[in-house]
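A.B. asks: Can you make the complete structure from the sequences, with help from the hints?
2 protein chains.
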Amino acid sequence: MSDPVFPRLALIGIGLIGASIALAACRSGAAGHVAIHSRTAKTLERAEELGLGDSYHADPADAVKDADCVILCIPVGASGTATEAIARHLKPGSTISDVGSVKASVIAQMALHLPADVHLVPAHPVAGTEYSGPDAGFAALFDNRWCILTPPPEADPAAVARLVDFWSRLGANVETMTAEHHDLVLAITSHVPHLIAYNIVGTAADLETVTQSEVMKFSAGGFRDFTRIAASDPTMWRDIFLNNREAVLEMLGRFSEDLTALQRLIRYGEGDKLYDLFARTREIRRGIIAAGQAIEAADLDRPHGKDDDEAG
Amino acid sequence: MSDPVFPRLALIGIGLIGASIALAACRSGAAGHVAIHSRTAKTLERAEELGLGDSYHADPADAVKDADCVILCIPVGASGTATEAIARHLKPGSTISDVGSVKASVIAQMALHLPADVHLVPAHPVAGTEYSGPDAGFAALFDNRWCILTPPPEADPAAVARLVDFWSRLGANVETMTAEHHDLVLAITSHVPHLIAYNIVGTAADLETVTQSEVMKFSAGGFRDFTRIAASDPTMWRDIFLNNREAVLEMLGRFSEDLTALQRLIRYGEGDKLYDLFARTREIRRGIIAAGQAIEAADLDRPHGKDDDEAG
Chain A
1 MSDPVFPRLA
11 LIGIGLIGAS
21 IALAACRSGA
31 AGHVAIHSRT
41 AKTLERAEEL
51 GLGDSYHADP
61 ADAVKDADCV
71 ILCIPVGASG
81 TATEAIARHL
91 KPGSTISDVG
101 SVKASVIAQM
111 ALHLPADVHL
121 VPAHPVAGTE
131 YSGPDAGFAA
141 LFDNRWCILT
151 PPPEADPAAV
161 ARLVDFWSRL
171 GANVETMTAE
181 HHDLVLAITS
191 HVPHLIAYNI
201 VGTAADLETV
211 TQSEVMKFSA
221 GGFRDFTRIA
231 ASDPTMWRDI
241 FLNNREAVLE
251 MLGRFSEDLT
261 ALQRLIRYGE
271 GDKLYDLFAR
281 TREIRRGIIA
291 AGQAIEAADL
301 DRPHGKDDDE
311 AG
Chain B
1 MSDPVFPRLA
11 LIGIGLIGAS
21 IALAACRSGA
31 AGHVAIHSRT
41 AKTLERAEEL
51 GLGDSYHADP
61 ADAVKDADCV
71 ILCIPVGASG
81 TATEAIARHL
91 KPGSTISDVG
101 SVKASVIAQM
111 ALHLPADVHL
121 VPAHPVAGTE
131 YSGPDAGFAA
141 LFDNRWCILT
151 PPPEADPAAV
161 ARLVDFWSRL
171 GANVETMTAE
181 HHDLVLAITS
191 HVPHLIAYNI
201 VGTAADLETV
211 TQSEVMKFSA
221 GGFRDFTRIA
231 ASDPTMWRDI
241 FLNNREAVLE
251 MLGRFSEDLT
261 ALQRLIRYGE
271 GDKLYDLFAR
281 TREIRRGIIA
291 AGQAIEAADL
301 DRPHGKDDDE
311 AG
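Protein sequences, first through last, are from chains A and B. With the first letter of the first sequence counted as 1, position 222 gets the number 222 in UniProt numbering; the numbers rise by one all the way through. With the first letter of the second sequence counted as 1, position 62 gets the number 62 in UniProt numbering; the numbers rise by one all the way through.
One should not assume that every hint holds.
Copies of the same chain look alike in the list, so a pair counts if it fits in one copy or across any two.
[Claimed, not checked] Each computed SDA-like pair below joins lysine to any residue, with the alpha-carbon atoms no more than 25 Å apart: (1) Lys273 / Gly253; (2) Lys273 / Ser256; (3) Lys65 / Pro92; (4) Lys65 / Thr40; (5) Lys42 / Ala279; (6) Lys42 / Asp62.
Derived by calculation from the structure, the hints in this document are not laboratory data. Note that the structure is a prediction, hence the values are computed from the model and not measured.
C.D. replies: Written as structure tokens, this is what we have:
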């Protein structure tokens with residue numbers, strides 16, 4: 001095992017992502033000492049029971065002391081407050097990063113409090129599950145997943161290179177882009193999909209013509225996938241929508257416009273145009289499979305090993 | 001193995017569902033002789049190569065001759081034409097059924113042509129994959145899935161009981177409801193979810209600010225699930241939307257109304273209300289898991305065995 005990228009790593013927040021970083025850093029030796037803080041006493045205690053790190057700190061200032069890298073692993077709406085609490089205690093020359101699904105807003109919140117001698121290199125590992133809390137973490141979460149870094153133009157190249165190295169050793173493929181572009185890309189690949197999943201599950205729950213028990217029973221027809229997405233952490237997702245408002249509203253506007261056009265095709269029975277759209281979207285799935293982000297055989301719960309919930 | 005429910009079964013159409021019925025009927029002994037028709041010579045040939053049945057017929061009239069049960073396994077828009085082609089050749093006292101994802105329209109199309117001495121018992125197995133064609137079929141497709149029967153009020157109870165028996169032996173759990181109620185239930189649990197999956201994949205493909213390659217690369221954030229749904233058979237789905245128009249438009253109207261309200265919450269930063277919705281939808285996922293239609297550990301492509309594509 002090669003030397004740790006960061007002899008001392010501090011994790012502020014120890015939910016699904018924080019716990020997975022701790023486990024993956026331990027597995028790979030990418031960090032030496034791992035110091036953990038959670039503002040919730042019970043969570044911190046649980047992290048210690050699980051043996052996720054090397055030291056556990058109720059005070060975030062203690063956790064970040066002498067750390068070569070500090071990573072905020074908290075809902076994006078808490079970035080400013082958390083940074084303020086640790087800013088004065090950060091080691092000169094150290095790196096501070098995060099794992100937020102929104103970047104421009106998080107950078108603005110954090111930069112406000114940071115001293116000039118600390119390197120801010122924001123990151124977003126595009127990985128997760130619908131589970132939350134320290135028990136949900138696992139070392140393989142980032143394997144072969146993308147981690148997007150959004151360093152500001154003035155970022156120190158050496159600090160960026162160290163964080164690239166760190167995430168690579170955690171198993172991720174690293175990509176760099178601007179914060180603004182990240183927020184647009186994620187709005188369409190993640191935020192709007194989550195929003196419409198939350199929305200349809202809510203619509204179904206409110207129906208008076210179809211019972212909730214029927215919705216649950218016959219969910220294998222497609223709805224089931226949406227419920228899984230709509231089971232993700234409510235606080236995290238509230239913060240994402242509030243902090244990536246412009247990009248989400250822009251993509252949502254396009255989605256709604258397209259949906260209205262599609263609705264009209266159905267109303268007027270335009271079969272050929274429906275067919276053309278459905279054939280086109282099939283090609284995109286093929287592209288994703290080719291890009292290696294999805295595999296064809298994927299379900300443990302079916303003997304055939306094929307995805308099984310696409311029926312009408 | 002007990003006696004076959006149907007000594008002679010005819011399958012009109014041998015795509016994913018037809019082929020799976022053939023294989024499941026063979027596995028369970030629920031049918032004796034299985035006669036297969038496809039209007040596409042190549043598909044019929046492939047079915048024979050795969051050994052899916054006992055006889056293969058280019059003429060549907062030959063396939064249904066002496067059959068105790070005939071099942072249409074074709075896109076719902078073709079139900080009328082297919083029924084017309086076989087109606088005069090059906091055995092008196094035999095059962096005719098289908099597997100369509102829409103019921104009221106299919107019943108109307110079929111009933112028009114059927115002689116009075118044949119029992120019409122429509123069925124919809126809520127199972128499938130995003131693959132199509134005879135090669136996609138597998139015997140376990142219906143195991144522990146729901147099959148919904150929608151017999152008309154005047155249907156012969158003995159004929160209905162035989163079809164319940166048949167589908168049970170194919171592995172399915174059978175439920176009975178009216179065609180109209182079926183169409184409403186499926187509109188929300190399947191048709192609208194498919195429509196919005198098709199729609200967002202289309203929206204993403206048309207963006208000029210985010211490249212298709214970026215959409216594909218970062219699809220693990222949630223979009224990936226939608227592409228799988230949007231890869232389903234275009235002809236089948238075109239027909240579903242055209243034939244369940246009223247229920248789909250009704251459910252889609254509610255979905256859009258709710259989405260507009262959600263969009264407004266984001267625009268005005270109403271965090272508490274967003275949180276409440278997201279917490280509520282999480283409960284529905286728990287209900288579905290409890291109902292046994294989804295399991296918590298479901299992905300072969302992740303060592304941890306957890307769903308893995310929920311990240312922001």
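A.B. asks: Are the hints correct? Go through all of them and say.
C.D. replies: The hints, checked one at a time:
Both within a single protomer and between protomers do Lys273 and Gly253 lie at most 25 Å apart by alpha-carbon distance, with minima of 21 Å and 20 Å respectively. In the homo-oligomer, the alpha carbons of Lys273 and Ser256 lie at most 25 Å apart both inside one protomer (18 Å) and across protomers (21 Å), since each shortest distance falls under that limit. In this homomeric assembly, Lys65 and Pro92 come within 25 Å of each other (Cα to Cα) only inside a single copy, at 11 Å, whereas the closest approach across copies is 86 Å. For the homomeric pair Lys65 and Thr40, the shortest alpha-carbon distance inside one copy (20 Å) is at most 25 Å, but the shortest distance between copies (72 Å) is not.
When the C-alpha separation of Lys42 and Ala279 is checked against a cutoff of 25 Å, the pair qualifies only between copies, where the shortest distance is 21 Å, while the shortest distance within a copy is 51 Å. Taking the shortest Cα distances, Lys42 and Asp62 sit within 25 Å of each other inside one copy (18 Å), while across copies they are farther apart (71 Å).
Going down the numbered hints, you'll see the structure goes against none, and every one checks out.
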